[in-house]
Amino acid sequence: MFLAARREVEAAVEGALDALDLPTDDLGIEEPPEDVDAVLASSVAFRLAGEVGAAPPEVAADIAAEIDPADYDYVGDVTTQGPYLNFLPSDAYFAATLEAAQDDEYGRLDPKGASVAVEHTSANPTGPVHVGRARNPIIGDALANVLDFAGYDVDRHYYVNDAGRQMAVFTWAYETFDEAELPEPERDRAEYDMVRYYRRGNTFLDEAPESEVEAAEAEIQSIMQGLEAGDEATYERVSEVVDTVLGGMQECLARLPAEFDEFVKETRFMRNGATDDLVERLQDLDEAVYEEDAWQLELDDHGIDKNLVFLRSDGTSLYATRDLAHHEWKFENYDRAVTVLGEDHKLQAQQVRTTLDLLGHDTDPLDQVLYSYVNLPEGKMSTREGTGIDLDDLLDEAIDRAREEVEDRLEDRLRNDDLDEDDVERIAHQVGIGAVRYDIVSKQPAKAITFEWDRALDFEAQSAPYVQYVHARACGILGEAREAGHEVPEVADFDADALDTPEARRLLATIARFPAVIEDAADDHHPHVVATYTREFAEAFNAFYRECPVLDADTETRDARLALVAAARHTVGNALRVLGVAAPESM
RNA sequence: GGGCGUGUGGCCUAGUGGACAGGGCGAGAGGUUCCUAACCUCUCGAUCCCGGGUUCGAAUCCCGGCACGCCCGCCA
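Take 1 as the starting number for the first sequence in full-length UniProt numbering and just add one per residue.
Keep in mind the hints are simulated off the structure, nothing from the lab.
Hints may be right or wrong, so weigh each one.
Only pairs whose alpha carbons sit at most 25 Å apart, straight line, appear in this in silico DSS-like list of lysine-lysine [unchecked claim]:
{"hint": "1", "residue 1": "K380", "residue 2": "K346"}
{"hint": "2", "residue 1": "K380", "residue 2": "K447"}
{"hint": "3", "residue 1": "K380", "residue 2": "K443"}
{"hint": "4", "residue 1": "K306", "residue 2": "K346"}
{"hint": "5", "residue 1": "K443", "residue 2": "K306"}
{"hint": "6", "residue 1": "K443", "residue 2": "K346"}
Label-pair restraints from in silico Cβ distances [what the hints assert, rightly or not]:
{"hint": "7", "residue 1": "D73", "residue 2": "E411", "range": "51 to 59 Å"}
{"hint": "8", "residue 1": "T24", "residue 2": "P257", "range": "46 to 54 Å"}
{"hint": "9", "residue 1": "F177", "residue 2": "L414", "range": "56 to 64 Å"}
{"hint": "10", "residue 1": "D454", "residue 2": "D231", "range": "35 to 43 Å"}
{"hint": "11", "residue 1": "F177", "residue 2": "D243", "range": "16 to 24 Å"}
{"hint": "12", "residue 1": "R546", "residue 2": "P23", "range": "43 to 51 Å"}
{"hint": "13", "residue 1": "A180", "residue 2": "D231", "range": "25 to 33 Å"}
{"hint": "14", "residue 1": "D178", "residue 2": "E232", "range": "25 to 33 Å"}
{"hint": "15", "residue 1": "E259", "residue 2": "T24", "range": "43 to 51 Å"}
{"hint": "16", "residue 1": "R413", "residue 2": "E175", "range": "30 to 38 Å"}
{"hint": "17", "residue 1": "A446", "residue 2": "E31", "range": "21 to 29 Å"}
Even for Gly, the Cβ is constructed at its ideal location relative to N, Cα and C.
Hey, can you work out the whole structure from these sequences and the hints?
Structure below.
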């Protein structure tokens, strides 16, 4: 209802300004501070004071006088508070919100009729996913959820770098070294098993005698050339390594959970001729130069100092070349494309955008979302070096700590609902993994994070369990009500007017904003605003919970409050779902 | 050296032109015969990195610094 109310307020202010013969280019619509009862406000009087030749409060009063609330469904009253115009919600605003939120899909926006490919994670299949990269699947998955909920037709893509030098090194190492000379794997899963070859191979290339390194390099070169030439046998050899490692990584990511609709391999764009075709078109560009036997693009005139090499002197393509072909494919198949990238890829992101533009594409549908790396207090994480914390270890630790927490709380638990061992395990998973996700998704991606165990796994504070608890409490009330024979009434059988306490009103007003939060998050690609919202929501719900008993209220109030709790449950449940955090029915 | 980004109480964080900068951690004091105390209430704590500027109004925009992060490969 908030979105509808905002449209009404915009129309009201614009109409009033028109009537007063004032400019309508900036309506100054904003959300008032929490202690103001209005749902929306306008500060337009400040700007018009000079033009009108009157003090802002007078201007505000004049504008307010031009607006008749009776013309609008959701505007109950227009008041002024000094220079501000305040728009108070009508009873119909609350009634319509309560009714709309009975839908368990409440917050989902109308289908936009547009497809979007969300590419995220896309980590090279070289070994276990570590925490340094963990922001990518968590932000990416939440962003995909947000866009889905906002009405887009979303496909989740993992772009697989299966054609680069790294994979050639990996394939050579896998075929060369004997398992007997490798250390025990850290975990019994494919990528932990395989990464040992990769690390061994890199160590060899760094440390072995020159002649042996040369021989190895020759083999690595032949693998790369084979891929470039479309040689089926080479492709099979590399694929075995890639698919094995990727299979393990998928298992890790699924724990978050982050799952994908498609794994798009870059070799696909070599094998189908798209890369060759692209290279020809790049060579025809005015910016193309042939220097030191390599084809490059001079992008100085477009604000990028560094040349983009797109064809090596040995005739092979580079990651960047294939990624351009990949983006053209996205443009052909989707209305929009979102890519979640680490900030270390920022320059490449600019190059991709600029080059696509030079090739004649409209790059407006491409959105590149950048996030800063997660570092350890002692420095960077690296798969090749084997430094860093594996995401699996973080999740295991999170679950272990959550389990301890659940068991500690079991003893002085007020509610006697007899949680069994399965419940404890379920809650430990929901809370532990939820806490990790929430901690990461709730922060602005641009800010750098230094990983610290205690901070990442704090179950109090502004954390997942704080919000999950609200969901569990709402479910608790609904469950108790059902046992007492009180189902949530049908829409025709409750009356929002019975929600007359400030806490109930505030909760309902908070529920009303949810669709607008989804819209903002989707428009700005900012999933973290959903997390911010869940915290505000939790505060509103807890105040209601404290002040407004549901089961003991008189029938009319009870029915309205039951409907409100159901609405709250749908809202917070869907907000958590969008964030990718489990919504426990009990905890 | 150049480019990009970030800088908010002791620590973490929301807020990117408008109503006294909102939370959390921490410290201290309270609250459970009542739908889950992973909760709530109150108190303490801020030169919004620094200096200029624009504006009726700046944490927010502009200019100049400083600090930190990232990037500047015929790697990905």
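Quick rundown of the hints versus the structure:
1. For the hint pairing K380 with K346, the CA-to-CA distance comes to about 18 Å; that is within 25 Å, so the pair holds.
2. At most 25 Å may separate the alpha-carbon atoms for a hinted pair to count; K380 and K447 meet this at roughly 16 Å.
3. Taken as a hint, the K380 and K443 pair is honoured in the structure, with Cα atoms around 20 Å apart against an allowance of 25 Å.
4. Taking the CA atoms of K306 and K346, the gap is near 13 Å; set against the 25 Å cutoff, the hint holds.
5. Among the hinted pairs, K443 with K306 is inconsistent with the structure: their alpha-carbon atoms are about 32 Å apart, more than 25 Å.
6. For the given pair, K443 sits about 19 Å from K346 by alpha-carbon distance, which is consistent with the 25 Å threshold.
7. Taking the beta carbon of each, D73 and E411 are about 52 Å apart, inside 51 to 59 Å as hinted.
8. Between T24 and P257 the beta carbon distance is about 47 Å. The supplied range of 46 to 54 Å therefore holds.
9. Against the hinted window of 56 to 64 Å, the Cβ-Cβ separation of F177 and L414 comes to about 59 Å, which satisfies the hint.
10. In this structure the hint that D454 and D231 lie 35 to 43 Å apart at CB is violated, the actual value being about 52 Å.
11. A hinted range of 16 to 24 Å holds for the C-beta pair F177 and D243, which are about 19 Å apart.
12. Between R546 and P23 the CB atoms are about 47 Å apart, so this pair conforms to the stated range of 43 to 51 Å.
13. Range check, A180 to D231: Cβ separation about 30 Å, and the 25 to 33 Å hint holds.
14. Taking 25 to 33 Å as the suggested C-beta distance range, the pair D178 and E232 conforms, at roughly 27 Å.
15. The supplied range of 43 to 51 Å is met by E259 and T24, whose beta-carbon atoms lie about 47 Å from each other.
16. At about 57 Å, the CB distance of R413 to E175 disagrees with the hint of 30 to 38 Å.
17. Checking the proposed 21 to 29 Å range against A446 and E31 shows it holds: the Cβ atoms sit about 23 Å from each other.
Hints 5, 10 and 16, counting from the list given before, are not met by this structure.
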